[in-house]
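Undergrad: The primary structure of each chain is shown beneath.
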Amino acid sequence: MSSRLKPASLRAPVTALATSWNLVLAGEGPYLRVWKYEHHTSPLLVHPIFEAQAIHGIATRTINVTDAVLVVWGGREIRVLHLKHEVNATAPDELSISIVASATAPDWILDLTLACGKEHSEGTTQVVLLTAHNALLTLDVNFNPASQHQVTPLRQITTGSRCILYAAHILRTGDDCFLVASGTAFGEIIVWSVESISSEDVTVRLCHVFTGHEGSIFGVQISHELSLNPKISPQRLLASCSDDRTIRIWNLSGIGDKAISNDPSRTLDALRDRETGFGANIEDINAVPDDRNRCIATAFGHLSRIWLVRFLDHRSSNSQSRIRLISAGEDASCQLWQLEAKSIEGKYAAVLEHLSTSRLHSGKNIWSISVLETKMISGSRDSNNVIVISGGADAAVVSRSFQATESLSEVEEVLTESVKPSAILDEEWTVPQALIAANSCSESRQRSPEQHNPASFFRAYSFISENEVLATTSKGHILKASIEPGKSLRWSLLQQLHDLEKFALCTSSITAQMAFIASGSGQIYCFQNQTALLTPLVRVDGKVAAIFARDNAFDVETAPREISLLITTVGTTFARRLVVDVPSTNASPVVTKADRITLEQGFTVTAYVHESPEDSNDGRFILGSREGAISLWDLNLESSHATLTMRHVHRNESVTALEWASESEGNLLFSVGRDGTCCVHRIDFFRRTFVTVHRSNLPFGPNIEGLSLDKTTGDVIAYGFHGKKFTAQSLNDEQELITIECGGAHRLWAYNSPRNIDTSNSGGTLIWTKASKLRICAKPRASYKELQHGGHGREIKACDVFSHGSSKLIATGAEDTDIKLFIPTQGGEAKHLVGFKCIRTVRKHVTGIQNLKWSKDGSFLFSSGGCEEFFVWRFHNVDVLRIGVVCEAVCPTISDVSDLRITDFDILEGHSDEDAESYKFTIAMTFSDSTIRIYDYTSTTASKKFALQSTGTYTTACLTKIAFLSPTTFVTASTNGHIAYWTLCNTVPSDAPPALVYSTHHRIHQSTIKSLAHIALTDGTSLIVTTGDDNALGLTLCSWSATTEIPSFSTLLIPRAHAAAINDCALLDSQSGVFAVTVSNDQRLKMWSIKVDLDKKGTDRLDACLVEDVPSAVADASSLCVYPDSGELQQEGVLLRVLVCGVGMEEWKFNTV
Amino acid sequence: MGKSSKDKRDAYYRLAKEQGWRARSAYKLLQLDEEFNLFEDVTRVVDLCAAPGSWSQVLSRILIKGEKFGRVEWEDRQAANRAYISGETEAPHVEEDVKHKLQPRQGVKIVSIDLQPMSPLEGITMLRADITHPSTVPLLLKALDPDTFDAASTSASQLVDLVLSDGAPDVTGLHDLDIYVQSQLLWAALNLALCVLKPGGKFVAKIFRGRDVDVLYAQLKTMFEKVWVAKPRSSRASSLEAFVVCIGFRPPKGFKASLEEPLGARSNVTPETLISAVETVTSSRKTRSDGVTELDLGLDTDVSWVAPFLACGDLSAFDADASYHLPRDRTTLDPVQPPTAPPYKRALEMRKAAGGAYGKTKGQTP
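Residue numbers (the UniProt record's numbering), protein chains in the order written: chain Z, 1 to 1153; chain A, 1 to 366.
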């Protein structure tokens, strides 16, 4: 039966990953996605495997160069697929997939492995699987590309245990032989072997029961034979991870040997009579004396439960004495471990050392990992690298690469928080060392006595070109360090000026290759890199407080013709602005223009930029202050005072950097500050307006110290300090460029960001002072790839879609306290189920989001959360950012209940005044303490104001929903299953806001009303649709008139509309009739047709029937939204989209006809 | 989260400490009883997955000590209120001395089973055993009738009236796995119940209302006359948790319960004798006394059936989802029983020793 609801997009936790050739296969809900690793931007193929069951595992076996058998499983379901992959030299790869067979296991499948069949024929694949009750089953797939595929029915090899398993691993050890590790809920690991699996007399032996873990086993893996200890022959190891937060390595040597396992008690049946429970089997018959020594290493590392552990180096090699493992868990981190043999008192032992942590998923839980060997990837230079791919609850699929075992010593140095490539340059210098190095390079080998004075230190750093840094010392040296790939820093001493001994400040222009140095006497020197000339430029009175240099008046070649300087001095309220000519020949630079401006009292300049760098005649510039203010200046106005000063742009914290970017509507000003934010402002000098159109709370900080615009990509790089680390990050996709452990903020430093971050692999260069020494570090970009971008890391609690013509913007709020903005990726069948693109993450809430709603025109988004959080977000179209968003206002908190949730709100939009920038909203909010509040919110250019209009108390039941039926009446819903009817006061509020009282309430549900939607049928009649925790769908006609205070209700209730709580509903009133869409914890999306005949009486006026019932891939679905589809209409009717949000998000297409 | 902030967030957590319950879940059983009168004529009860023992505590106080809670107390309260409103008596005293009304029952036998050890409760036999294990059946039968126990007999000389199970796994966050594990616990409890329950007996167990829960309801319906899904008000609306209340055990003819061959969604051993107990209804309308018209669309199939829902607990009872204004000067009580040590206790200690959650994570290998 074909449904009118068709799946359009899905984003769900990635619960299975596998690799085959250079393909990455991921299970996301019931869908299989396949990427080619090298072309990871969009999947080659998206294929539905199950109707509703989520994929929990994928096993692959290549048959020949183009064909592979794929077995995909989830829950009890198994599908056997044929994957055909044809590589074309000229055209894109051709990939096809077809389901060959399906099977159902009697129980939940924990692990499944593929082996070649007993006949060793290429075509036969043996499928071996283990269930959650330790039952082993097999299935043979006779794979024949030419003819029909043959699949035998499932054959049970062992009967199950009673105790439930949480983890299992099956390893093929030889022809028809398998070794199985089963991890129980009670912390035991049972290792057993199966021989002659294909024959009738299959032998099953219990090998060992490992005890020691103090919590459920969540992950196990048996290794191939590895030589950990060179003195001992290669052996198998078992890795396990548990609820007890440990990873343990167990020695399997000698286990499964026939000599030991001839013992008749060592059958699996012995296990059935074991007592289960923690610590129940310490004195166990199966425990051998050396049990303690079997656990050769234990390590702690993850912050919470560990789900997976895998050996990275699976190949046996005699040279390796160290083995690496990867683990992943609930804390959404992937951790790299190294196992090294260690002999303790002659006993066999090892140490599991933590190497690095990679946090590339947001929120909680990595559910799947897979390893890809780089030799599979075409064009790969490092054929020995290992790539680890992880899939998370956030739906992201991320890969990162590790060096192979042979060059492990390099990996050892990578002990940073995140998996990073090793540095290209990482050096440490003292002043005497630098001077010795400079002298040995220079022709005159003179030695000054003070060179060995250990008290000398560096005073200032500045980059003068992409690979040269200028440094001054406390002995007045001016040194230049050149960075050459693969070499140590090359030093040269340029000059020694006594004037620079006590004081030096330095700034530069990399494009002009000029540096400006301010001395203690107020002398400003200019250094030209090309001519290596140091020219005194100008002298200022007093001590220089700050000096800024900006490029000016660009040529076609983008080299500046002028540099403009801004210099402030300590204790004065004026600043100098100089324009310096960039000489094209060997001539000395000259000051062509000098202005003196008067600063306001207390305005300490911390950032400077001029408006249009292309125009040399423009006297407009911007200053940022230490108190968070930004002021605009226009020297053309013949005034030495600021045109406009905006205070507290970055609260009371320093504005650390300013940059201009051009857009179609004029120019944009970017600013960063020590309040941890990056802002974008639209400025009009002529009208003297300054509007902040975007403010991002960066995920690092709060000391955001700098900003650079990538002219080629339009992206913005913000950098600064986070704890003891320096971090640079791109603003648009929040990709990390570099992280360096530098000791923290408050030190001398300079950073040169990479040009063109799209093509460059560089993460930039940082030079800083740590413990009186110069440190310099350059690194390539963090080596991770996002095959699929993620969404929220926790379950989504609310969503709303702004739809205007073809433009759609999805706003989602989640338990992870973030608000995210997505655009649906609409496209043809090829892009089927591609997903959603997150274009912005908005961080300000500190509690889980309860609800969010757009204003009609999409200019505003309102969001509510716990702890009385209610924020007003203003949206602006900003080209370079796609969208700009600012938190415009925060509703004041008035309650003394610390954890008071604003469970819902509804908005009435008032008449906007003549002023297009003036908005008025009436906002009604419900609280978890059974109270309501009505606010008027007005937003004008001048002010943003909340005014409390009225309050009210319902009972003590938590209110869950609120909706305006008319401009003066509204209904609320609550946990007691009632809806209540309220009328707004018309009186003008006096001193205290009036207390509202509900006029009547009406019981619809037995318990919590989880959603409420309504449409007006006539002037005095509305249809209210409610859904409850009681599995019921309620249709209520609410009629009122101006004369009666109490409305009448009549309800038609569908008690068993879903099998579980119905969390949300949406109503759509189309030409084809009224439809209700409901979504429930039973993971079904249902559509109901509602017939209303107002000519009848009572509940006879209402009728309903179920028209659609489809399985949803979104668990814990909390909210849904219906909006018009902008796609072309094939036939009559209305094309709609339905968005379902919960653990992931899912979009459906629906045609009403 | 500290106990003080939990007090503000959770009315039942606070109330449990004030009224001496080991866990807030005691209210769930009391509210189930308010609706279903679970303890009527009940003297022999088995409490499965009982730790930390708050349900056993309810059984002890109602059946052994004869205190009034739940349904009985609610009826008394209603009667007192009615009497007060009609002017027959003075305002009912909340602080009445309960001892005057103590009515201990005769022949009470309560056995509580859990894998974890529990603090003893007066009059209750506690077993530390695995409910899925066949050896637990004779153990349980012996505990029920220590005097008349006959090891050769496979059934209890006197069967039990009620089997309870409030067992839940540690949820992982992987939804379908959590639902599967919970259904396995339910099957384990049911299989044991089938061995000891008298015909007409009751079975109450925790269930997660998630995907395919309707299949589970249909399977339970083949064993009991009536099956409801009940949600006590003390259970949060945001939680998947609910309780199946199965009344009127009616084993199919020829059915023999055994833990050697347990029933379960995973086994193919559903006896042939089990006929679908679900009568498929066609669409029908029915007007209730409160004027609401119920529309049954007859959506059940022969494998899935949605059990009728019943919210439990008085509407005036505390609301598990609401925030309450607490007096400023109130004191925060300690929990009646401290939480049992989690498996990651050692990991927490080690992390603390290494400088906390943000301290170095390296070099912790022992």
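Everything labelled a hint here was simulated from the structure, so no lab data went into it. All C-beta atoms in this analysis are idealised placements derived from N, C-alpha and C, irrespective of residue type, glycine included. Incorrect hints may have been included.
[Unchecked claim] Okay, the calculated bits of chain A under chain Z, using three or more residues with CB under 8 Å as the criterion:
hint, stretch
1, 50-62
2, 125-133
3, 160-174
4, 286-292
Undergrad: Work down the list of hints and note, for each, if the structure agrees.
TA: So, going through the hints one by one against the coordinates:
1. Note: the stretch 50-62 of chain A has 0 residues with beta-carbon separation from chain Z under 8 Å; the three-residue rule is not met and the coverage is violated.
2. Using a Cβ-Cβ cut-off of 8 Å, 5 residues of the stretch 125-133 of chain A lie near chain Z, which meets the minimum of three, so the contact claim holds.
3. For the stretch 160-174 of chain A, the assignment as covered by chain Z holds, since 5 residues bring a beta-carbon within under 8 Å of that chain's beta-carbons and 3 suffice.
4. Coverage of a stretch by a chain is defined here by at least three residues with a beta carbon nearer than 8 Å to that chain's beta carbons; for the stretch 286-292 of chain A and chain Z the count is 4, and the condition holds.
In this structure, only the earlier hint numbered 1 is contradicted, and the remaining ones agree with it.
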